[in-house]
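Chain by chain, the residues:
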Amino acid sequence: MENTEVHLKSGVLSLTPITGELGFAKAKHLLNRCMFGARQSEIEFMQNKTIDEALDFLLQHPSEPLSPPIGVKSDDEEVPVGETWVNTKYNWRYKSQRRYSYNNWWIGRLHKQDVSLQEKMVLFWHNHFVIENDVVRNTNYNYRYNVLLNEYAFGNFKTFAQEMTVNVGMLEYLDGVDNKVGAPNENYARELFELFTIGKGPLIEEGNYTNYTEHDIREAAKVLTGWKTNSNSDTSYYTSSRHDKSQKTFSYIFENYTITNKEEEEYKQLIDMIFLKKETARHIVRKLYRWFIYYRIDEEIEQNIIEPLATLFIDNKFEIKPLLKTLLSSQHFFDENLRGCMIKNPLEFTIGIIRQLEFPSPAGDDVAEHYRFWNVINYRSANLGMELADPPDVAGWQAWYLAPNYNQLWINTASIPNRAKVVTYAVLWGIRPHSEYDKLYLDPFKLAYFANNPSDINDLIPTFVKLLFPKPATDDLLDELKETLNQGLPDFEWTVEWNRYVNNPDDANQKKAVANNLKRLLFKMCSMAEYQLI
Amino acid sequence: MMDRRKFIKNTGAFITLPILLNGQAIQVLGANGGFNVEKTDGKVLVLIQLDGGNDGLNMLIPLNMYDNLVKVRPEVVLPKNKIISLTNLQGLHPSMPEINEMYDDEKMMFIQNVGYPTPNLSHFRSKEIVLSASDSRTVISSGWFGRYLDTLHPDYPDNYPDDTNPHPIAISIGSSSSPTCQGSMSNFGVVLKNLDTSYESPSGEQEFPDTPYGFEMEYVTQVMKSTQKYLEVVSETAELSESISEQWTEDNSLADRLKIVARLITGGLTTPIYVVNLGGFDTHANQVTEGETELGKHADLMRYVSEAVYAFQDELKQHQKEDDVISLVYSEFGRRIASNKSFGTDHGEAYPMMLFGSRVNPIVFGENPTIPASVEKKTNVPFKIDFRSVYASVLNLWFGVNKTEINNLLLGEFEILPILKNAVSVDDNINKPNQLKIMSVFPNPVINSAEIQFVTNGGQISLRLFSLAGKEIRNLRDGNLPGGIQSIPFTKKGLKNGQYLLVLQNGNERVSQKIIIQ
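If you read the protein sequences in the order shown, they are chains S and L.
Under this note's numbering, the first residue of the first sequence carries the number 1, and numbering increases by one thereafter.
Under this note's numbering, the first residue of the second sequence carries the number 1, and numbering increases by one thereafter.
Since the hints were made in silico from the structure, they are not lab data.
Be a bit skeptical, because a hint or two may be false.
Unchecked claim - Result set (DSBU-like, lysine-lysine): computed pairs, CA atoms no more than 35 Å apart in a straight line:
hint : chain 1 : residue 1 : chain 2 : residue 2
1    : L       : Lys193    : S       : Lys158
2    : L       : Lys321    : L       : Lys341
3    : S       : Lys262    : L       : Lys378
4    : S       : Lys200    : S       : Lys268
5    : S       : Lys120    : S       : Lys471
6    : S       : Lys439    : L       : Lys225
7    : S       : Lys49     : S       : Lys446
8    : L       : Lys471    : L       : Lys80
9    : L       : Lys493    : S       : Lys200
10   : L       : Lys225    : S       : Lys277
11   : S       : Lys524    : L       : Lys229
12   : S       : Lys519    : L       : Lys229
None of these values were measured; they are calculated from a predicted model.
Based on the provided sequences and hints, a complete structural model is requested.
Next up, the structure:
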């Protein structure tokens, strides 16, 4: 179990659903954990719903089907700008153009996400069934992999694991294509046990990792022989002559389970075998817990949350939806002590600030400009330690597995100044997607009008706090923020300034002065520790 | 909110007393009653981590086993005529001429067959084991160097940096902190991507509730505050120095990172440890180019290492900093003896480490691994040297940590290897460990008189008694002594009752022990 020298009050350990209308605070908590930055309008849309209604809504797939990435570089001679490349055979000559398109397309989906759990779960699965596009260069394969993540975002985990095993991207990434009779390659087999399904347990004797053994890895590698990828069709296929047809016998851990030659159906049986073990369910439940609630799992949480959820997961034949619904509607999930304890990952931070501050998107239909804009977000997120489509290794980003710090790994002396830079661009300097395009600027008045009475500093500031911070502000904090907005003047001066702007809409200087004060406030708020947390 | 200071006291019983030794401010720390003088000042350890598991058999080639290597790893074995001959028994990868030059120049040590019992072939678990210095059945969440730093800085990060500790305690180059520098509570690593970053932290004092939210808020706030201070000192230091070596090469990420380290060391940062990584060593497939095994992925990696390490050492030399720095090149494990059909190698066990610097013992330590003429797919190079022996040797010989404390830090007793030049003569038996220590003060507490027994490496020694306030009280012995066990009598005559510190110095090595006069 975890190292928990520090005892924290972790709240109600109950999976019983909360009741009644959500209200603003709970709706915000739910959306921040299920999306990338909850917007004011989205929170307002959710706040009058019950948790049941809210989750039914979030667990729908997006209204539009997944539309493929678009080529946006004129030096890709095979794919005209504005058309997709996913049906054109991959050509390494255009690898950088296609990779640019693929990565930014994905960023764009996060930016333009519906009110849905879809993208948060796609990212969860990307961090679970990792492939790196720095390793798998073929963007068509990356796209096929991405389609699979989308299809199973909250589908059946067991079927998902089977499909992933023979996915073109995965076969390339973990050397499945090199795995053949007489020359087994254990790479995928090892990660299948260690990371993707049952998880590694303590090493109890040489080659025995409690939940599986080195022998099991070798036998599984044999089961998985025979698969190749076809770069004309971007599909995988099975070749009987490459398959190891011998009988595979697993260790005592799997009750010496045997798999006799079933050709291309064998891998499914392997997955079936691993899913017979409850530890597989526990492993995924723990991972989802860390994704949605908090990284500390102590004995009590293990017993009262993880274990019943694992049972529920198995009872529902590894369907993800009922599991998520129970977890995300629970009193535990909404416990006050556990709200605001998640350090935003870099994508939550960059996409979140753009969405929450209503930062404008490029106007017009120039698809290249949109991709440019997303590329800025992508670059900034990578700078903070998280490059979408290219996790550091097969275990995914360390913040989700490396004890004892987990989430805290996002925050260090390198990332803190870089987060501040993101805030500087988004709030103060504006973002120019590329030198040939206009710079885009934040409109702080949009946010000010979220307040019922923006001319009242005591309404305006709490409105911002409510949207941007996980907890209500203390009096000290409110004073500090007032000081920033009003530069030490008495409260009524804000009203005077604001009304002067409202009553003289043509006075550009007055408008600018009010805007600058609002921006200074927003800059300060988004630079604070509170804004790093959801 | 938990109190780090209290936490440390409850669990570790460490005592911190600032004292002055010969006018220099130092810290005296003790665990379990034994005292230990901090002496990291000036001494630097650079850790170069090769991520993914380096194929040692293609880096340091056991030439006497070459014929069998051809048989068992036909896909990846290097052409004999391309291998650089390092010694009559060991060859080097053709991409490493600079490493060969450093060996000839007596600045490079190889330690063969490094590993640990009951190996774990998972990257993640094995990396945890190697960075935490646990045995393979125990999960420890702190890093081996982090635990050492815990003893020196039990209050970290409260009020750090300050006038006493203005510089980062540890530095990782990259985008995340190294688990090696993870202490029991915080990670000591300041993370740097480049040298031209600045940051202004938001103001405000706060109380943090005893909840997960409060815990994370406190953490983020703390990092924001120290970031500003550390980045100021780092950029100021970097300003004081510049890269002058002409050996740095382009398009080499390890070189880029070591260049930053060199700037900081030569600029005068007192940080004792730097961690840098180079990834890409998980060469399951296409480790070599088919038919031209001296080329390919691994060859590129070997070249990066060789060029970067060479330039780094040259930079230190140009700045006369060579004697202050040693660097260790290691990985989470080696690779299988047999190659696979994908022109790669799978996860293995033991492999050779490299330790370099002007002070290291420039030998190939340990015998060549035995390669049978035929092996099973799963056969591995068995380990002979526990990686924790290397850590113990660094702590003992380089940082002057006494053995009792090392046993605490590394959770067991490990052999001290002759990793430094002055630790053992080239002709000497390589198994003879460095001996400098105060063996006993008997009786202690001292009622009237006592006998002090100690072991030296020979040469100039001094044995002095200090008050805990750092004042020299008595010079007990000063002069040239042969190596080995020495014994001198000691009487309390003229000394007040109380605690004192006995300090034995031998060359650059220094050990100490607390004594009580009653």
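Hints versus structure:
1. Lys193(L) <-> Lys158(S): Violated, at roughly 40 Å.
2. Lys321(L) <-> Lys341(L): 46 Å, violated
3. Lys262(S) <-> Lys378(L): 26 Å, holds
4. Lys200(S) <-> Lys268(S): This hinted pair holds, its Cα atoms lying about 21 Å apart.
5. Lys120(S) <-> Lys471(S): This hinted pair holds, its Cα atoms lying about 23 Å apart.
6. Lys439(S) <-> Lys225(L): 32 Å, holds
7. Lys49(S) <-> Lys446(S): 25 Å, holds
8. Lys471(L) <-> Lys80(L): Roughly 62 Å between the alpha carbons, so the hint for Lys471(L) and Lys80(L) is violated.
9. Lys493(L) <-> Lys200(S): 63 Å, violated
10. Lys225(L) <-> Lys277(S): Distance of about 47 Å is beyond 35 Å: violated.
11. Lys524(S) <-> Lys229(L): Given pair Lys524(S), Lys229(L) holds - Cα atoms ~19 Å apart, limit 35 Å.
12. Lys519(S) <-> Lys229(L): OK: Lys519(S) and Lys229(L) at ~26 Å, within 35 Å.
Going through the hint list in order, the structure does not satisfy hints 1, 2, 8, 9, 10.
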